[in-house]
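Place chains B and C on chain A using the hints.
So the chains spell out like this:
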Amino acid sequence: MSETSSQSSALNGPPPTRFVQFKLVLLGESAVGKSSIVQRFVKDSFTELRESTIGAAFLTQTIQVDLNTTVKFEIWDTAGQERYRSLASMYYRNAQAALVVFDITQESSLDKAKYWVKELHKQANSDIVIALVANKLDLEAERKISTEEAQTFANELNLLYFEVSAKTGENVKDTFREVALKLPIEDKLKQSSSRRKTVDLNRRQNTNEQQCAC
Amino acid sequence: MAASVDTTLRRPSMAERRPSMAERRPSMNTRRPSVIPHLAGIEDPVFPSTPEDCDVLICGTGLVESILSAALSWAGTNVLHVDSNPYYGDTTATMTIEQIKAWCHNVNLNTPGFHGFAKALMYIPRPAKLNSRDYSIDLTPRLLFAKSDLLSLMVKSRVYRYLEFQSISNFHTFENDTFGKMSSSKEEIFTDQSLSLATKRSLMKLMKFVFEYDSEGNKQLMAEFGPTPFLKFVNDKYKLSDAQVNELCFTLGLAPTPDISTLAALARIRRYLISFNVYGSFPALYSKFGGPGELSQGFCRSAAVAGATYKLDSPIKSYDPSTQKVTFRDGTKVNVAEKVVCSASQAPEGAKNVPERKHQVNRLITIVERSCKEWFNEGESASVVVFPPKSLDSMNNYPVQVIIMGAGSGCCPAGQCIWYLSTIEKDQRGRKDLESALKKMEDSILRESEDGGFDVDLTEDDVIVRPDGSLSVINSVKLGKSFKEFAPKEKLTYLFKLMFTQFTSIDPLDSHTGAPSTTSFDDNGKNSIPGPDQGILYSQMPSTEISYDGVLAEVRALYTKIVGSDDDFFDVDFEDDDENSSPSGPPAGGVGAAAGLQDESAIIDEDGEEFKDEMDFEL
Amino acid sequence: MKESKLYSDKSLFRTGQLLNLNPELYTIWNFRRDILTNFKFKQIPDTDPLKKTAALHKLIISELQFVQAKLSQYPKCYWIWDHRRWCLLNDSQSDWKHELDLISMFFQADSRNFHAWQYRRFIIQCYKDSLSSEDARIQVDWDEFKFTTKMINKDISNYSAWHNRSKLIEKLFIGSSVLKDDNDVYLQVFNAKDKLKFLRKELDLIKTAFYTDPDDSSVWIYLKWLFGDYYIKDLPKNESRKLLEDTIKDIDELNELETEDNGFDNQWCLKSDLFLLKSLLKLLPKDDSSESWKERVDTICDKLIQLDPMRKNKYREHKLQIATES
Chain A
1 MSETSSQSSA LNGPPPTRFV QFKLVLLGES AVGKSSIVQR FVKDSFTELR
51 ESTIGAAFLT QTIQVDLNTT VKFEIWDTAG QERYRSLASM YYRNAQAALV
101 VFDITQESSL DKAKYWVKEL HKQANSDIVI ALVANKLDLE AERKISTEEA
151 QTFANELNLL YFEVSAKTGE NVKDTFREVA LKLPIEDKLK QSSSRRKTVD
201 LNRRQNTNEQ QCAC
Chain B
1 MAASVDTTLR RPSMAERRPS MAERRPSMNT RRPSVIPHLA GIEDPVFPST
51 PEDCDVLICG TGLVESILSA ALSWAGTNVL HVDSNPYYGD TTATMTIEQI
101 KAWCHNVNLN TPGFHGFAKA LMYIPRPAKL NSRDYSIDLT PRLLFAKSDL
151 LSLMVKSRVY RYLEFQSISN FHTFENDTFG KMSSSKEEIF TDQSLSLATK
201 RSLMKLMKFV FEYDSEGNKQ LMAEFGPTPF LKFVNDKYKL SDAQVNELCF
251 TLGLAPTPDI STLAALARIR RYLISFNVYG SFPALYSKFG GPGELSQGFC
301 RSAAVAGATY KLDSPIKSYD PSTQKVTFRD GTKVNVAEKV VCSASQAPEG
351 AKNVPERKHQ VNRLITIVER SCKEWFNEGE SASVVVFPPK SLDSMNNYPV
401 QVIIMGAGSG CCPAGQCIWY LSTIEKDQRG RKDLESALKK MEDSILRESE
451 DGGFDVDLTE DDVIVRPDGS LSVINSVKLG KSFKEFAPKE KLTYLFKLMF
501 TQFTSIDPLD SHTGAPSTTS FDDNGKNSIP GPDQGILYSQ MPSTEISYDG
551 VLAEVRALYT KIVGSDDDFF DVDFEDDDEN SSPSGPPAGG VGAAAGLQDE
601 SAIIDEDGEE FKDEMDFEL
Chain C
1 MKESKLYSDK SLFRTGQLLN LNPELYTIWN FRRDILTNFK FKQIPDTDPL
51 KKTAALHKLI ISELQFVQAK LSQYPKCYWI WDHRRWCLLN DSQSDWKHEL
101 DLISMFFQAD SRNFHAWQYR RFIIQCYKDS LSSEDARIQV DWDEFKFTTK
151 MINKDISNYS AWHNRSKLIE KLFIGSSVLK DDNDVYLQVF NAKDKLKFLR
201 KELDLIKTAF YTDPDDSSVW IYLKWLFGDY YIKDLPKNES RKLLEDTIKD
251 IDELNELETE DNGFDNQWCL KSDLFLLKSL LKLLPKDDSS ESWKERVDTI
301 CDKLIQLDPM RKNKYREHKL QIATES
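Residue numbers (UniProt numbering), protein chains in the order written: chain A, 1 to 214; chain B, 1 to 619; chain C, 1 to 326.
So here's chain A without its partners, still in its complex pose:
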């Protein structure tokens, strides 16, 4: 805590930043690289190994959409529960954005993605913003699914479409940015003021316990 900078805090600051949060879920078969995409976005890193230090909750990352608006993504990874198509209803609840990921080097991958889009239509909010994301752009040489094919599918179902590489980072940030721009930011800002009282379990009220041996 710098004492020298605290002096200037009272003076002119930037215009108040508007802050809004959205839940984003990832879908797609295992091994298409969903988690790698998130890791690239959140930590700007990529590891070949299976390691991941995701804690028991979820990952967050903010993105500035304009001069005074910041969007925070609360990103839910499937935690492997998609493997046997056993995602819980909690997973979809209140999700306002979804990335359905497939692997351009796996032929069946797009078909599987179609299943997930259907699931979203069944389980999620009707106004959820869905982005179809083709991953592993760095393996262009081994491409089995053409851009046209995927783009056509996306257009049919009114999905956003992006091609990315989690490994090189190509287009990852832009994907999230474009998704953010499609989200109902203004509505969300108005909504937050009228939210009912939720209790934050991590913040306990009692101050009586604090003692100092004076």
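No wet-lab data here; the hints were simulated from the structure.
If you're wondering where the values come from, they're calculated on a predicted model, not measured in any experiment.
Just so it is clear, CB atoms sit at the ideal spot from N, CA and C, and this is done for glycine as well.
Warning: the hint list may mix true and false statements.
[Said to hold, decoys possible] Here are some of the chain B residues that sit facing chain C, going by a computed Cβ distance under 10 Å:
id : residue
1  : Leu203
2  : Tyr238
3  : Lys239
4  : Ala414
Same frame as chain A, but now just chains B and C:
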């Protein structure tokens, strides 16, 4: 990790040979050994075939099984967690209308996987009015006390972040045809004009005792009176009215039976009082979008993050203890290295070892076309009502407990409300008591709308603009209050009614402790009956308890049975990447901190005034 | 560090770090104040007095923020309160009302923090000093009186609240006429200068309090204060006598219940009785009617000798005193 070696197993027990997760995969973060879970299937080429091996197989994704799954997974166990249903939650599930219809059907057919329930009666007068997915109905609704082991675990394990909680501060007792709320804090007792001085004194004495009953000084007293009925104890020793005693025992304490022991009742009342002021002026919380069903999903997710594999829609057929192979109904097999745990409800067909279920709870769930907001405190969407014994026209022997969930909890659409009623009274009598309670609630809500605010809104169609510009109300019937004589008596519209019986092995007298004695285990296959379930560890059907108490005790008992001890139960450092890790665990010194009954240490007035020693009167 | 008199932003920052670890280090607080006084304050240019005051104010505000953070973590550490006090005293633009509101919020979470009450008295005094009219000052006292009522209702076992209350009563009896709070019964009593009525009202409150919690010392101490000289000397003898007799009766009733439940007398009841009886005896004519009261004193002293042997000499003295006064 203190583990007792079980020599009857062919291999060393899991507790011995299993290294902790942190040891298996060295952390890149050298500060602390943080847990790095294997993100299941991230780079594997995956074909959705059942895994061939696992350490522990758990059948049923009810709350107890889900917490167990997470505990084992975080400890490094390879868990395969399945459920015969296509949804999570099993006996504690939160369901949509369509799901609960199917459930009803199965219960009445006694389909395998739906054991432990009976006589489900459903009534949906206008099916078109119900949009199935708008509803989240709990099979076993529960209240989460602010000071409870499960809440602490959810904070520690970060599972609470998957959920949203709201407060519930309205606890009412039904007495003499009205719903009342008693003074239970020192402040309330002091300022309550309706209480006589003698009553204030008695009440405060009892409150103090609630906090001190387990102290050294009361050891002898409790040894003598602890096991005796609470109602007799409190009537002998304290001069309180029946109404007050009822409220303490059945509303604050939420005792399911009047035979509750003194020890159990005191523990229950204390639970209510110490939960106050932990998060605010309310003792309990409930999770939005459903109760135990949501919590189950949360813990399953946690388990999945820790590496557990999830497969719904997978009923098991049999288990062979000699080969340690489980066969599923679709023919696939799994080798289970350690144990198979199964929910009593999902026991395989022909099972012989399911624990006996001597006790029952009758439940009635209704959805009404009314917001019931007059029953909620500001900012809340739920409340609790208790009908003590003998308070109903049916002269109920046992209390009827009711949880009222409004639309703000996310369980139903706006303008509607879900009422959950339950009693441990058996069979036909139980159902009668429930209906009797329902009638009283119906009368009450209708009466309140007539006397109090308008539960009816005037819309543009009800008003016309006269030529001179003034407004005239054409639908005078809607004005309610002022035209009461003309308004026809409103009837409460029920959109849904479900009545069913649930059986359990857990004794209501012990239900809040989940005493290990209530969990029955096989004795390593020696004394259990041969059959498709020989050697399986069963988890219990949910207890009759309306709080989450007892759940964690059961999980720990199962955990201990599998691992050898519960020393390392959830002994994990959950470091979040996007925030500083906050200290886990409940605050120190909770008892008495809430109700302000603790004395502060000796005060010295620095102004040097007269009052030096509090015991020293200058005479 | 202190010896070399190294006053700088860096050393200021260091004190902050140390205090974050351990706010009890009062020498570090001292040093911090030294740095502020001899370095930071001196940094502000002297040229424009208005600008200087404003700049000083800003400095203090940020310092107060630092203190506030510490306070929520360690609400019972004297040195933190002390530093806050120093901050406010060093700023001519201190907003006492704001500070009062801040401290009132603090009481929501912890109404019995003795440090907080002390601090509150300090703030109120400073606030009153900053006001120009006597009327405004009395308003503060009246608000404070109501605040003590609120805190007592919240938790009768609040010594500081009762204590603060006792300090306000005298002032209110004198200056209350300027106040406008028509519906309040207490205000009417103050305005009417009706000490008897006030006593009766307070005794009602006390009675509810000692029934609710017969072992709460704060209540009994306040009771004793109520029967101190301030009131008794102003009331006509027969009224005082009635008041004393009634109160003794109330206490006796409570003591009966206590004895029934616990098997022995409540010491507070006995001690209070003793005190009241002595006052009563002073009022009574020295004739036979006082004999029964004297016997009571005797009995009580005997009981107290048993129950409170540490002070037995004192009780023996009382017995002797009563006997010799006849």
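Hints, one by one, checked against the model:
Using the Cβ-Cβ criterion of 10 Å, the hint placing Leu203 of chain B at the interface with chain C is satisfied: the shortest such distance is roughly 8 Å. Interface restraint check for Tyr238 of chain B: the shortest CB-CB distance to chain C comes to about 9 Å, inside 10 Å, so the restraint holds. A distance limit of 10 Å between C-beta atoms decides the matter here; for Lys239 of chain B the minimum to chain C is near 9 Å, and the interface restraint holds. Hint status for Ala414 of chain B: violated, given a least beta-carbon distance of 33 Å to chain C, over 10 Å.
Hint 4 alone, counting from the list given before, is not met by this structure.
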